[in-house]
Amino acid sequence: MTSSQPPPGGFPPSMGPGARPMQPGEGPDSLLREISAVRSHYNVHIRPDAIELGYELKGQQRHFNLPFDNIPVGGWTKSLCYGGPNAATISGTLLIDMIRGCENMSGRRVTQEEAEGLAFYGSRRMLTMYFGQITAIGLGAGSAWWTRKEFKFPFMKPKPLERYDSFPMRVFPILKGGAARVMWQVTRFNVYCALWLFLSNPFFRSIADTRMTVGLYADRRTHDLTQSIKGKMDRLRSNRASQAAEGVRAGQPPQQTSSQDEASPTAFDDSQSYGGQNDYAGDGTFTDGNTDTGLISDSAMQRRQTQQASPNSWSKAQSRGSRESFQQGGQDKSSDFFFDDASPTAGNAPDMGISQAPSNRRSGSAWGRHRRGENEQSGSSRFTPSERSSYSQSPDFETKSDSFSFSKGEEDKRLAKDQAQKEFDAMLDRERREGGSDAYMRDMRATEAGEESNSSTDNAWGRRRRG
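Residue numbers (numbering that gives the first Met the number 0): 0 to 466.
Hint data in this document are derived by calculation from the structure and do not stem from the laboratory. We put the beta carbon where it would ideally sit given N, CA and C, even for glycine. Honestly, I wouldn't trust all of these hints.
[As the list claims (entries may be wrong)] Beta-carbon label-pair distances, calculated as ranges:
#	residue 1	residue 2	range
1	N64	Q184	26 to 36 Å
2	G141	M182	14 to 24 Å
3	G141	W75	20 to 30 Å
[To be verified] Cross-link-like lysine to any residue pairs, in silico, SDA-like; alpha carbons within 25 Å at most:
#	residue 1	residue 2
4	K151	C192
5	K156	G106
6	K158	Q184
7	K231	G83
8	K231	G214
9	K156	F166
10	K151	W183
11	K148	F130
12	K156	R169
13	K231	G106
14	K151	V185
15	K231	A217
16	K229	L56
17	K148	Y129
18	K175	L196
19	K421	E409
20	K57	F67
21	K77	L93
22	K158	Q132
23	K77	V43
24	K77	L30
25	K151	G141
26	K229	A244
27	K229	R239
28	K57	K77
29	K151	N189
30	K57	G141
Build out the structure end to end from the sequences listed, making use of the hints.
Following this line, the structure appears as structure tokens:
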């Protein structure tokens, strides 16, 4: 009887189902002992016109009386399969195994008609196996006959003929002369037959099983039985597949599960927090050349969408533009304005952190805001018309201008500039009243009179006023 426990194994239980410590009395030969115990209840009796089969299944005795005419079996098949006591016992045991296995697989008892069909195709299978054995023996005999003069063995080179004058060896011979040569020929015949039996057995076994399966399915007597077995096998296969899928899902590493979750923190970090440059790198819709819009390039559209969605990228672009303008404007003659002693922010060099974000640019004094505005205007005025047109056609210029108009309009710029100018004028008046500088007063009177003061020629403030 089959055991309900998992199969024995020498592995610890932590390695999974089916792996458990070896129990006393279990071993590799436990299955053979179980099969021998089951077959001890088989009864096979051969009569001239029928074969009687008896066995025990689940504590119940089963018995079948199968006439040879109903199978039908006769001629060479009956002689080879049931011609003697030994052949009848072997064939009857194989038929009982076959019937018993069908009852276990289908879950119901086999009828008399189905047992006759199973006996018929089981006999044909055994006949095919017998034919394969006979064929292998014939091939072995032919191979031994063709190489008889050289005394050649399989996979060995021929040796001198004097080597075969002694059998089995020259040191301690049992036979010598002609008897030794005959014994060597018999040995060669057995070796060749064993080799051909080993090579041909899988081939003829597959042919025999295929013929039996096709015949059982096509025969009306066993068609329903094969359908029941097929349905049972399909259910077992589907259950095994579902259990394997559940096991794979249950044993999936946590990092694989989190990588498939769109709301996980790791997935959010991989997307560069909306400001990365690879937001659409994995999507062929945005990288394929066939999806060109005809207006701007797809790469420019990607940068525009990325910068509109990310305020940090806008700040970086504006800060980079102001830094370039400042560096260019600091090389002309108006650079003395930044070192004017009369400036409230005197001492600020171009390398003292002038390039800041737009949010910080609005803070500070009116002098600083006006000074940065003048610098940007002077830096932007250095471009020629041709350079402006070529620069405005680049994707980077379109992206920066679009993002600037998106976050700060022309109206805001004008209001901020007017406010800075008012504060700047008020600050100059306050310094004029409090300082009382003679040079400053002479410049102011000369300005009111429409004349140029001679003292302003060497003053940075004068150069700034004239420029």
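For each hint, the structure was consulted:
| no. | hint | verdict |
| --- | --- | --- |
| 1 | N64 - Q184: 26 to 36 Å | violated, 49 Å |
| 2 | G141 - M182: 14 to 24 Å | holds, 20 Å |
| 3 | G141 - W75: 20 to 30 Å | holds, 23 Å |
| 4 | K151 - C192 | holds, 14 Å |
| 5 | K156 - G106 | violated, 57 Å |
| 6 | K158 - Q184 | holds, 14 Å |
| 7 | K231 - G83 | violated, 37 Å |
| 8 | K231 - G214 | holds, 20 Å |
| 9 | K156 - F166 | holds, 18 Å |
| 10 | K151 - W183 | holds, 10 Å |
| 11 | K148 - F130 | violated, 29 Å |
| 12 | K156 - R169 | holds, 19 Å |
| 13 | K231 - G106 | holds, 9 Å |
| 14 | K151 - V185 | holds, 12 Å |
| 15 | K231 - A217 | holds, 19 Å |
| 16 | K229 - L56 | holds, 21 Å |
| 17 | K148 - Y129 | violated, 31 Å |
| 18 | K175 - L196 | violated, 30 Å |
| 19 | K421 - E409 | holds, 19 Å |
| 20 | K57 - F67 | violated, 28 Å |
| 21 | K77 - L93 | holds, 15 Å |
| 22 | K158 - Q132 | violated, 30 Å |
| 23 | K77 - V43 | holds, 15 Å |
| 24 | K77 - L30 | violated, 32 Å |
| 25 | K151 - G141 | holds, 13 Å |
| 26 | K229 - A244 | holds, 22 Å |
| 27 | K229 - R239 | holds, 15 Å |
| 28 | K57 - K77 | violated, 31 Å |
| 29 | K151 - N189 | holds, 13 Å |
| 30 | K57 - G141 | violated, 50 Å |
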